[in-house]
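Could you build the full structure based on these sequences and the hints that come with them?
Each step along the sequence shown adds one to the number in the working numbering, with nothing skipped, and position 328 is 328.
No lab work stands behind these hints: they were computed from the structure.
Any given hint could be a false lead.
Claimed, not checked - List of simulated lysine-lysine pairs, DSBU-like, C-alpha gap at most 35 Å:
hint	residue 1	residue 2
1	K234	K45
2	K198	K45
3	K153	K389
What the hints assert, rightly or not - Label-pair restraints from in silico Cβ distances:
hint	residue 1	residue 2	range
4	L190	Q275	36 to 42 Å
5	S253	A380	52 to 58 Å
6	Q275	E158	51 to 57 Å
7	E246	G98	50 to 56 Å
8	G98	V74	31 to 37 Å
9	N313	D266	39 to 45 Å
10	E20	E178	29 to 35 Å
No residue lacks a Cβ here, since even glycine has one placed at the ideal position from N, Cα and C.
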Amino acid sequence: MSSELLINVTPSETRVALIENGVLQEVHIERQAKRGIVGNIYVGKVSRVLPGMQAAFVDIGLDKAAFLHASDIVQPQVADDTGQAAMPRDIRGLVREGQLLLVQVVKDPLGTKGARLTTDITLPSRYLVFMPDANHVGVSQRIESETERSRLKAVVAEFVDEQSGYIIRTAAEGAGEEELKQDARFLKKLWAKISKRKQKTRKEGRVYEDLNLSYRILRDFIGTDLERIRIDSKLTYQELLAFTDEFIPQMTSLLEYYPGERPIFDMFDVENEIQRALERKVMLKSGGYLIIDQTEAMTTVDVNTGAFVGHRNLEDTIFNTNIEATQAIARQLRLRNLGGIIILDFIDMQNEEHQRRVLHSLELALSRDRAKTNIHGFSALGLVEMTRKRTRESLEHILCSDCPVCKGRGSLKTVETVCFEVLREIVRVNRAYDADEFVVYASPEVKDALTNDEFHNLAEVQVFIGKQISVQLEPLYNQEQFDVVMI
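Shown next, in the form of structure tokens:
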């Protein structure tokens, strides 16, 4: 499978697209004014302890207080009477209000929620992840060779001391001792710099900022099967060349400067794909389609046969549509960066073998997703429940905001509904106040409906209250807006 990265850079925004076999699979967007903060390290001040939630709110200098759960707090282990390591379970035994803590962001603020924090600090590099509060060596499970795992562990064990441990990343497979030593040396220097800043800091604030998107993408894609990385900014290209020369030499040859007059995202149809990724409906090649709805609690995906009628029988038509849908669902989850709880409503299948094959197809389709996913099989209602790890905002939340008319409901009151609300409001105001005449200001659609000859209700209300009612056009009002004014 051929893969390449496209990096589009402007002074205020960086966008990265992952193309696999000519098809857009992932989009990463970072705006200078709203940079993601995952990986950043802060000195935070505990502003509130919540025993009922076993958590604390921590002020790290952002608009919203961040969230720190008791399970994300690392404390020195103390042995109890049995010799077992004992650790306070109650949040009140772990932190106190006003306390300064060194914390790291593990999840960006999402919607109305603040950032999620941990005191288990980690610093990633090319081959290693540095853990200042550990003194052991872990190895990525993706390195399968026991011989290689043992070799890497033996090499890295030499760098471990009482106040530092390491996780060996997948990209370290085949790396030499000198390369691993350079990584360990770099990470220890970086940690020393962070520790020094922490000691000088007497109030909440940032002490370390993770790399920007262009650098982060290169670091995170080490070891993946990339053919090339195209960058449309000469300055960013030169900066990334210097970065890869020093830290990731094996990726230097993949970098290409794209000087074309046609925008790089237009050349690969990325712009159109991004627009399509914001729509509810996703068409399948067979004629079937998906309906994707993202809500606060979960994301639902509904599979429909649509215009696909099949060639044999109904059961085969349903099965083939569901198999095709698994590929589209896996791509859409990555492309839209949908996370949390996801409910998949496949077309009902009576054949258990078909259900098993659809689940297997879904697992295979999700195997290339770098975000962790868990599939829980078909429920009693025939729904597939799954989760996908979410650490940043979805594409829709980055690019869109709630509709100012429907306020995120996704629907408007009908013109008829608004007309009856107007009539009820007139009667209510008439009972509360003494007025000789009423003027209704409404949107074009509502005015036309109220004054339509077929709509007799306005005349009936005039007779009922015994007063004149006139309707005036207010072109700037949306369909649900109106005012009833007394004269």
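Results of checking the hints against the structure:
| no. | hint | in the structure |
| --- | --- | --- |
| 1 | K234 - K45 | violated (42 Å) |
| 2 | K198 - K45 | holds (13 Å) |
| 3 | K153 - K389 | holds (28 Å) |
| 4 | L190 - Q275: 36 to 42 Å | holds (40 Å) |
| 5 | S253 - A380: 52 to 58 Å | holds (54 Å) |
| 6 | Q275 - E158: 51 to 57 Å | holds (53 Å) |
| 7 | E246 - G98: 50 to 56 Å | violated (42 Å) |
| 8 | G98 - V74: 31 to 37 Å | violated (20 Å) |
| 9 | N313 - D266: 39 to 45 Å | holds (44 Å) |
| 10 | E20 - E178: 29 to 35 Å | holds (34 Å) |
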